[in-house]
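Given the structure of chain A, go ahead and fit chains B, C, D and E with the ligands onto it with the hints provided.
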Amino acid sequence: MINLEVEARTRLGSFNLDAEFHALGGEVTILFGRSGAGKTTVMESIAGLRNLSDGKISLGDRVLFDSCAGVNLKPERRGIGYVFQDARLFPHLTVRENLLYGRRRLTLQPYKGDFNKIIDLLDIASILSRFPSTLSGGEMQRVAIGRAFLSNPDVLLMDEPLVSLDDLRKDEILKYISQLKDIVSIPIIYVTHSVDEVLKLADKVILMSDGNVQASGTPNQVMGRPDLEPFVIDGAGGTVVDTVVDFQDKSHSLTNLAFPGGNLLVPRIDASRGTHIRVRIRSRDVALATVRPESISVLNMLGVKIVSISPPRGAVVDVVLDAKVPLRAQITQKSALELNLNEGMEVFALIKTVAVEGQEHV
Amino acid sequence: MINLEVEARTRLGSFNLDAEFHALGGEVTILFGRSGAGKTTVMESIAGLRNLSDGKISLGDRVLFDSCAGVNLKPERRGIGYVFQDARLFPHLTVRENLLYGRRRLTLQPYKGDFNKIIDLLDIASILSRFPSTLSGGEMQRVAIGRAFLSNPDVLLMDEPLVSLDDLRKDEILKYISQLKDIVSIPIIYVTHSVDEVLKLADKVILMSDGNVQASGTPNQVMGRPDLEPFVIDGAGGTVVDTVVDFQDKSHSLTNLAFPGGNLLVPRIDASRGTHIRVRIRSRDVALATVRPESISVLNMLGVKIVSISPPRGAVVDVVLDAKVPLRAQITQKSALELNLNEGMEVFALIKTVAVEGQEHV
Amino acid sequence: MLTALEWEAIQLSLRISFWAVFISLPFGVGIAWVLGRYNFPGKSFLDAFVNAPLVIPPVALGYILLVLFGRTGLFGRVLEDWLGVSLVFTWEGASLASAIVSFPLLVRSIRISVENLDQGLEKAARTLGANPIRTFFTISLPLIWPGMLAGITLAFARCVGEFGATITFASNIPGETRTLPLALYTVIEMPGGESAALRLMIFSVVLAFIALFLSEFLARRSRKKFRSN
Amino acid sequence: MLTALEWEAIQLSLRISFWAVFISLPFGVGIAWVLGRYNFPGKSFLDAFVNAPLVIPPVALGYILLVLFGRTGLFGRVLEDWLGVSLVFTWEGASLASAIVSFPLLVRSIRISVENLDQGLEKAARTLGANPIRTFFTISLPLIWPGMLAGITLAFARCVGEFGATITFASNIPGETRTLPLALYTVIEMPGGESAALRLMIFSVVLAFIALFLSEFLARRSRKKFRSN
Amino acid sequence: DNLHAENKGHENKGNLVVFAAISMINALENLAEQFSRSEGIKVVTVFASSSRLAKQIQFGAPAHVFISANVKWMDSLLDKGLIEKNSLVKVVSNKLVLIKPFHELDYAENHENNIIEFLPDKKIIYLDSETNIFEMLGEKRLAIGNPDYVPAGMYALEALKKLGLWHEVANKIAPMPNVRSVLSVVERGEAPIGIVYNSDAKTSNKIKVIGEISHNDHQNIIYPGAVTSDAPPIAHKFLKYLLGYESQAIFSKNGFIICSNNSSEVLELKC
Ligand SMILES: Nc1ncnc2c1ncn2[C@@H]1O[C@H](COP(=O)(O)OP(=O)(O)OP(=O)(O)O)[C@@H](O)[C@H]1O
Ligand SMILES: Nc1ncnc2c1ncn2[C@@H]1O[C@H](COP(=O)(O)OP(=O)(O)OP(=O)(O)O)[C@@H](O)[C@H]1O
Ligand SMILES: [Mg+2]
Ligand SMILES: [Mg+2]
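Protein chains in written order, with the working numbering: chain A, 56 to 417; chain B, 56 to 417; chain C, 994 to 1222; chain D, 994 to 1222; chain E, 817 to 1087.
Calculated from the structure, these hints are not laboratory results. Keep in mind that the hints are not guaranteed to be accurate.
[Claimed, not checked] List of simulated lysine-lysine pairs, BS3-like, C-alpha gap at most 30 Å:
(1) E:K1069 / E:K911
(2) B:K305 / B:K230
(3) C:K1036 / B:K129
(4) B:K230 / B:K259
(5) B:K172 / B:K305
(6) A:K129 / D:K1036
Pulled out of the complex, with its shape left as it was, chain A reads as follows (with noise of 0.2 Å):
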């Protein structure tokens, strides 16, 4: 298990550089923040393709850039791959020539990726001996995601991978990437705007903000804060809550996943019984219910207690549930005063089946 520590402080004009957090190997770490923040900074400077002015970056035991020891590891040295935010292919050479430029590489650790298998999850079977210029945007993006898995790094760095494509392709791609943190253990450093992705892929979330890291944490920690409301869409955040399979109800195509709060039923997750599974469930999905329901077409009813109401942000009040894990609803002033919810209280949290998304984790 590597681990990627990072200290950098650097000055572009007027934007200062002041960041400091770590990613753990096999773990997905989100750099999250505004346009301008300063991520694409801090990326290139693990990368050593920007200078710092001060500060330090080591992967595992080797240090990659020490401003006071005098380390600056040449890009080629830190065993990284890169997915710029602009594609960047060699206009030259073909999309084949492209996707295996880095596979020449020297590395420690032997070669993981397979590249008919990346071919087929890209799908760029039939344009690799065309050449960048006759890309659309998307095939661009896909071939320069390729060419950074291919180059078998020590740690992948994403940046926007995959803005030009449709969301199922993005959807494959993730759990991919997903896959691959844990097949390789290496730090996966991955910039989004999307708190979809946020919430799909990170293990943890850094938020920046203005050259600063402005929170880090478990994405649950961070996306909930509501001192971070002004960078996440009111009720996109949600939680996250680790299960194991506990058993597969074929004829309903549903599996049933168990967690310390009881049960989920969620669209069936193709996986054997005590796979890890990780779910992920917005908080505006999630409805509450001082009695239990009868009729109704909501599967998943969890007794919960509620743990903390927030004051209200417009219309809406976020309420903390605790289910032996924590939970979180959106739900209108209205209703929380309407059902007299109150701390202490023990009510049902009512999820639709088809608003948890799963995904296996190790």
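Same frame as chain A, but now just chains B, C, D and E with the ligands:
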């Protein structure tokens, strides 16, 4: 009201474009489709940047291109504003100069955009005197959008303009585009992969696949079609309902919207009584109940009739509801069986207030 | 410090080189544009024609100029009859000779920039309502400017050093066509002229140095603007 | 069709020009790279030094070479004593003269390409594990190749046309240093030498034409690959 | 061939290398060929301006025989001990002539100052102090070799000064870098008259000689020849051969003047 008629045929290597559609003035027409479907090629054809082998493009009574009549208007005579997939800022001009580059254009309709307003909207006041090479990805994108807006076009072509922006800013710009189309009543052609953007913006959706128009129509028509499955993530589709503001519930920060099928409570929308509001209801946000549930935090319960239930796709079935307007729910097959749902049955549709997104619409 | 003769030669060199480059610049840009952008039948011939002055020894070129621009020559007659202008033995003639000799250098530098120009930016300008003329002057030209500057400097330096064609076509008339290299040649051929020759050579190099320095300064200014650190 | 003398001159011109460009190419690329990429104190001086051969008339250059590389010259003595090589009055010397005269043209063309090179691509290659050497040969070099090709052609053409420095430094020795331009100079002195001179001039132009054509062909092939229609 | 692979620096062992003023090219090519045929040795002739050749010899050029177009450059080598003083000979002599374009008649019709008036039926005139060169030139220039360094120009300047004509034409000369250029500007009518060697005038059929300048009006025009210090014996033989009757006849045919002291005796150069 100027309408755009497009009939475009050309060949690029092994890719064949053969697309025909029209876009109305004052409406946002979304070009939707997987990466490589030919969206950018269509946009370039409209702009006159790509030669068509065959076809006809007209804007109102102006013919922009006609292969039969031998008409091929120069790009600068077509009156287009184009936000390219890559920002294409002029590297030797400051941000301000980039923004104002198109303002010299003589236009038939008086200039509507206001420099300061757009600067504020895009939050680029602080970078006006910088050169593009020092901008972050999202900053470039925003300048490119501003440049196109400020050129006061007769038709606006936007190729994935919001990809590098955070959700909050995305939302603001989307709102602005919605307003814009109503004020200047030009056709807006908008390429995106985001179902979210489709449902927020679209008056019409053109679904492209392999260079052809696969389907076109209102978002409801297109996004709900089961044969378009591969393009849309389960349940992210939904319906759009046209409503008017009935009254404002100031104490709870809610707005009550009236539509033929009843009333909807949504988080407060700042609009006076009678204002037309379009709301979007995702099918996965709709739950069904056979008896009206009590003591539940869900405020919107609509009495509806089941029109049809789709065959199960995996765990889920799509239920089309008649609430005087069409509505759509995605629930598990298991619920459908347990509740014994049948076509023609009267049920309650449960929609969380926080799940409804409304937008002013003339 | 400078003798009158040296000063005269420097002035002449500057004047002749300036006009040579100034007049040939629009043609240079035009031809570089056409060669860098378009493919057409006969392109290779145009290319060869433009570059011919490079391979023809300057002295022979001077002779060709004499044939063409002399009083009895094809163009010379026209110039004389219509404009009353004669180029042989005049500084204007020396400018012509310099212009022709340096033209390939001018074209080639500009052409490389034209070929490197991102046409996407021109397309963007067109969609913003700029016609080809405005697009050219506000987008293309500023972007090929570094290459143009390089071409101008190179051509100017070549003009300052031009000797063979000038001496053959325009003679070596003090105050009219005796530029620095001609003055240099004159003293170098005189026994014991080495120190005078060295002075003149240094002036030539200093002139070129100033031109290079100026162009480097201008180029750096325009590059700094639009290239990030 | 060709007389033996003409054939000899053509061969010599080719051989001398080829070696001149071939040997100076690595230096040209190196200096173009340094000048196009880096800022350092003394850059202007290096630039001026590289471009000096442009402003110094070739004849004067030839004398300078004679002084430096002659048997009694600074370098000439070293070469002779240590390597037993003498450049004066040999075709190798003619190559040296041609190389020096054409060097500024070579450097300038390459430099423009270096300045236009997108450093982002090099950075991408570095992150993919390519060291600076591999990055240079697999990314930078192919991308500046069109400019290099232009520089090579320009320099080659200039070498084929080189006269003044060659005749001064390497003399006009038949079969050794009597290149096309020198042969041209020689025959023009003979009665009725014009037609022979014209032939030689045409050969020069045809040689240059072939070089240009070849370079255009290579450039187009490499451009077509990576530029969309 | 491996001849010069072995002989870097070109001692050209076995070959006889002759450096000669470019203006002698016609006669010398001819003679060298005959000599090499009769002697069975290859004669390599190298032509350029005398000044250039002299400098090259000074810097170690592999020349065996040097024939200069004027005495000055030969002197400079003599001073440096690079030639054998004993071998110095006067190879040929020359004279200056006044030339005009061949098509002057047609051309002159357009001009008021018709110089034909001075020259009734092709008679060759001798330039004297009465000659109205100024009128002959009209608006144009007098083409001469550059008096700063071209020998023909130096002699012309000397003569014009001696005849008192210089002040008339001082601002009207076109100093050309070599005789060839003088010929071409006169051929093309750019200069209505020019002054060249008689031998040079012979190489062009587009000009004609209209006048002569007496050798009394300037230094003797002498083409000295000599053998370099490390030359093989055959070089002496070649020099002697040039002075022979047949050779001199060929020189004469090419417009040179046969030397009065036509023997191998040593010249006193500074005449
Ligand atoms: N010169 C060419 N030769 C072959 N195929 C080409 C050429 N140019 C474009 N194409 C193909 O045409 C198709 C359409 O490209 P286009 O850029 O219109 O796609 P798009 O819908 O905009 O995709 P994206 O969402 O990825 O930007 C792509 O599959 C592309 O590979
Ligand atoms: N040379 C420079 N001079 C001044 N400011 C600069 C310079 N380079 C970068 N910046 C600023 O630094 C900030 C951080 O840039 P960076 O590219 O890291 O942002 P980002 O977080 O990646 O944004 P985005 O999401 O838009 O890509 C931006 O506000 C940018 O304008
Ligand atoms: Mg960025
Ligand atoms: Mg596209």
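Handout entry: Hints that the structure is at odds with (numbers, increasing)
Key = none
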